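Student: Chain by chain, the residues:
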Amino acid sequence: MVRPAAVERLTPRMRRVMARSIGYNLLQVIFVVGLAPLAAGVLSRLKEIVQSRRGPSVLQPYRDLRKLFNKDQVVSEQASWIFRATPFLVFVAPIFVATLIPVLTSYPLFFAFMGDMLGGGFVLALGGFFATLAAVDTGNPYGPMGASRTRMVGFLAEPVFMIVFFMVSFVAGSTIPYIVQQHWVTPLANFFAPSHVLLVIAFIMLIIAETGRIPVDNPTGHFELAMIDESKSLEYSGTGMALMKWGGQMKLLVLMCILLNVLVTPWGLAADQRLSQVLLAALLVSLKIGVFLLVMVVIESSLAKLRLFRVSEFLGAAFVTSVVAMIGGLLGF
Amino acid sequence: MGEISALLASLNGLAAGLFLLSSFALAATRQVQGCLRFYIAQSVFLVVSALLLAFGLHASDLLAVAALDLAIKPIVIPWLLGRMVRGEIFRRREIDQVLNIPSSLLIALGLTLLAYFLSQRLPAPAGAMARINLPVGLAALLIGTYTLAVRREAVPQLIGVFGIENGALFVGIAIAPSLPLVAEMAFPFDMLIIALVIGILTRMTQERIGTTEVGGLASLKESVDG
Numbered sequence: 001m002v003r004p005a006a007v008e009r010l011t012p013r014m015r016r017v018m019a020r021s022i023g024y025n026l027l028q029v030i031f032v033v034g035l036a037p038l039a040a041g042v043l044s045r046l047k048e049i050v051q052s053r054r055g056p057s058v059l060q061p062y063r064d065l066r067k068l069f070n071k072d073q074v075v076s077e078q079a080s081w082i083f084r085a086t087p088f089l090v091f092v093a094p095i096f097v098a099t100l101i102p103v104l105t106s107y108p109l110f111f112a113f114m115g116d117m118l119g120g121g122f123v124l125a126l127g128g129f130f131a132t133l134a135a136v137d138t139g140n141p142y143g144p145m146g147a148s149r150t151r152m153v154g155f156l157a158e159p160v161f162m163i164v165f166f167m168v169s170f171v172a173g174s175t176i177p178y179i180v181q182q183h184w185v186t187p188l189a190n191f192f193a194p195s196h197v198l199l200v201i202a203f204i205m206l207i208i209a210e211t212g213r214i215p216v217d218n219p220t221g222h223f224e225l226a227m228i229d230e231s232k233s234l235e236y237s238g239t240g241m242a243l244m245k246w247g248g249q250m251k252l253l254v255l256m257c258i259l260l261n262v263l264v265t266p267w268g269l270a271a272d273q274r275l276s277q278v279l280l281a282a283l284l285v286s287l288k289i290g291v292f293l294l295v296m297v298v299i300e301s302s303l304a305k306l307r308l309f310r311v312s313e314f315l316g317a318a319f320v321t322s323v324v325a326m327i328g329g330l331l332g333f
Numbered sequence: 001m002g003e004i005s006a007l008l009a010s011l012n013g014l015a016a017g018l019f020l021l022s023s024f025a026l027a028a029t030r031q032v033q034g035c036l037r038f039y040i041a042q043s044v045f046l047v048v049s050a051l052l053l054a055f056g057l058h059a060s061d062l063l064a065v066a067a068l069d070l071a072i073k074p075i076v077i078p079w080l081l082g083r084m085v086r087g088e089i090f091r092r093r094e095i096d097q098v099l100n101i102p103s104s105l106l107i108a109l110g111l112t113l114l115a116y117f118l119s120q121r122l123p124a125p126a127g128a129m130a131r132i133n134l135p136v137g138l139a140a141l142l143i144g145t146y147t148l149a150v151r152r153e154a155v156p157q158l159i160g161v162f163g164i165e166n167g168a169l170f171v172g173i174a175i176a177p178s179l180p181l182v183a184e185m186a187f188p189f190d191m192l193i194i195a196l197v198i199g200i201l202t203r204m205t206q207e208r209i210g211t212t213e214v215g216g217l218a219s220l221k222e223s224v225d226g
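So the protein sequences, as listed, match chains A and B.
Under the working numbering, read the first sequence as residues 1 to 333, first letter to last.
Under the working numbering, read the second sequence as residues 1 to 226, first letter to last.
I should point out that these hints are in silico values taken from the structure, not numbers from a laboratory.
Heads up, a few of these hints could be off.
[To be verified] With the Cβ distance kept under 7 Å, some of the chain B side facing chain A (calculated, not the full set):
| no. | residue |
| --- | --- |
| 1 | Ala6 |
| 2 | Leu14 |
| 3 | Leu21 |
| 4 | Phe24 |
| 5 | Pro78 |
| 6 | Trp79 |
| 7 | Ile101 |
| 8 | Leu105 |
| 9 | Leu109 |
Just so it is clear, the structure is predicted and the values come from calculations on it, not from any experiment.
Ideal placement from N, C-alpha and C gives every residue a C-beta, glycine not left out.
With the hints as constraints, model all of the structure from the sequences given.
Tutor: In structure tokens form, the structure reads like this:
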């Protein structure tokens with residue numbers, strides 16, 4: 001990578017490459033920010049179709065966001081700065097992560113070395129942390145309940161998260177996602193290695209738990225007592241609500257990108273610098289995400305929501321899966 | 001050639017990993033039906049591993065083992081159990097268990113690690129593919145034994161016995177791929193007889209006292225007297 005101090009010694013060609021690299025990085029961010037509501041819309045539409053209903057258009061999340069942005073925001077007099085700052089943090093955290101991970105290209109872009117996968121995990125967790133604080137902040141009775149439940153799911157998910165990421169780094173010999181993704185397909189035998197497949201299974205279970213999807217939490221539920229993730233944003237309105245929603249949708253998309261582009265396959269990503277390749281990759285990655293959304297719909301439609309104290313069993317299963325992957329990877333099978 | 005054998009080895013490793021995962025599920029699923037489904041999955045992974053080993057070790061005997069296992073374990077035994085045991089047992093959603101599920105999972109993990117360190121003391125079977133099967137089969141055997149100890153219901157206990165057998169066979173196909181076919185045929189038929197006998201026993205027990213909870217059988221005498 002080029003250090004800032006060396007910038008003035010760059011040849012014009014290197015400058016062009018750098019500018020393009022920054023441009024593609026921005027394009028990645030635009031991809032994530034722009035398509036996150038669409039992914040959420042497609043997911044809910046597919047679920048409605050499975051339940052033999054028509055459901056709202058896939059563009060409905062965009063309309064929701066526009067409506068919320070045009071509304072006034074009401075903030076409790078008791079709320080501190082944490083409550084006001086949280087929507088922006090929740091919105092920005094996935095964007096930060098999107099600059100670190102391979103979304104469209106298989107070669108590292110300008111900001112790729114700013115942080116590794118653990119750094120990305122911490123940035124995502126920061127958003128979650130502030131969302132929890134903000135839920136407690138206003139003194140609304142449902143907020144702290146949801147917050148403590150989220151923490152419960154979170155601390156059960158944490159060991160799985162750590163084992164998955166340390167194992168991925170150990171197997172691939174690096175914590176930079178761009179280097180990790182190449183490892184799985186060269187040679188092809190690595191792709192079928194038990195540590196790889198089991199880590200992918202554990203990570204899918206982790207995504208379900210982290211984004212509050214069905215066996216753990218019902219994202220469409222409107223009953224406060226049963227909520228885990230949703231009740232944290234109950235107090236928000238207007239712009240704050242829109243940012244919280246959008247941030248949640250981006251978090252799902254970013255986690256899907258990590259799963260699909262880093263853990264599962266680097267297939268479909270742009271391999272060279274041309275813009276046409278990157279645009280093609282945007283299409284292919286959207287297709288990949290679409291296929292994964294279908295998998296999510298199958299999972300969500302065939303399982304019932306677990307009772308709260310069964311969540312520990314679900315995440316226990318994820319933990320066991322990741323530990324078996326670790327045993328397989330470290331002790332060699 | 002090297003690449004193909006590496007691919008075979010990692011596919012066999014994958015089958016082994018999923019085999020191990022389904023034995024965890026045998027020990028920790030709440031539903032009787034789910035237990036049976038995971039047993040079927042475990043048997044299928046056993047068959048896959050046998051096929052891969054047959055291909056990798058050029059052991060044609062394993063093909064017969066695979067075919068026999070594929071016929072008996074995922075198909076005949078569930079059918080037989082369905083016939084022998086009344087449907088309401090399979091629809092039970094909560095199996096009584098001595099320990100709760102997260103601690104069961106942790107104990108099963110500990111048993112897996114134990115199996116790993118035990119298998120390092122044993123003389124290693126030849127070939128990278130076979131070396132995978134030894135610790136995994138041993139772990140499945142130990143977890144099956146644990147399932148037997150911790151469940152308090154007849155059918156899941158029976159499935160625990162099947163899990164033990166699957167684990168033993170998983171090791172067996174790797175360390176003795178050309179065992180005489182007669183000896184290998186004995187295993188699945190043994191399983192059939194066990195399924196029949198325990199199935200009939202379960203059915204009789206259920207008809208007499210209306211439950212198959214093994215944990216409650218200690219108080220059998222009093223309830224008959226009273």
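Student: Given B:Ala6 as an interface hint, is its Cβ closer than 7 Å to any Cβ of chain A?
Tutor: Holds, because the Cβ-Cβ distance from B:Ala6 to chain A comes to roughly 4 Å (cut-off 7 Å).
Student: Does the interface hint hold: is B:Leu21 within less than 7 Å of chain A, judged Cβ to Cβ?
Tutor: Constraint on B:Leu21 satisfied, holds at 6 Å.
Student: Is the interface hint for B:Pro78 satisfied, with its Cβ closer than 7 Å to some Cβ of chain A?
Tutor: violated (20 Å)
Student: Tell me if the interface restraint on B:Leu14 is satisfied: Cβ within less than 7 Å of some Cβ in chain A.
Tutor: holds (5 Å)
Student: If you take the shortest Cβ to Cβ gap from B:Leu105 to chain A, is it below 7 Å?
Tutor: Holds, because the Cβ-Cβ distance from B:Leu105 to chain A comes to roughly 5 Å (cut-off 7 Å).
Student: Does B:Phe24 hold up as a contact with chain A if the rule is Cβ-Cβ below 7 Å?
Tutor: holds (5 Å)
Student: Checking hints one by one. Is B:Ile101 an interface residue toward chain A, by the C-beta closer than 7 Å rule?
Tutor: holds (5 Å)
Student: How about B:Trp79: closest beta carbon in chain A under 7 Å, or not?
Tutor: B:Trp79 check fails; min Cβ-Cβ to chain A is 24 Å, beyond 7 Å.
Student: Given B:Leu109 as an interface hint, is the shortest Cβ-Cβ distance to chain A below 7 Å?
Tutor: holds (6 Å)
In summary, the structure is inconsistent with hints 5 and 6 from the numbered list given earlier, while agreeing with the others.
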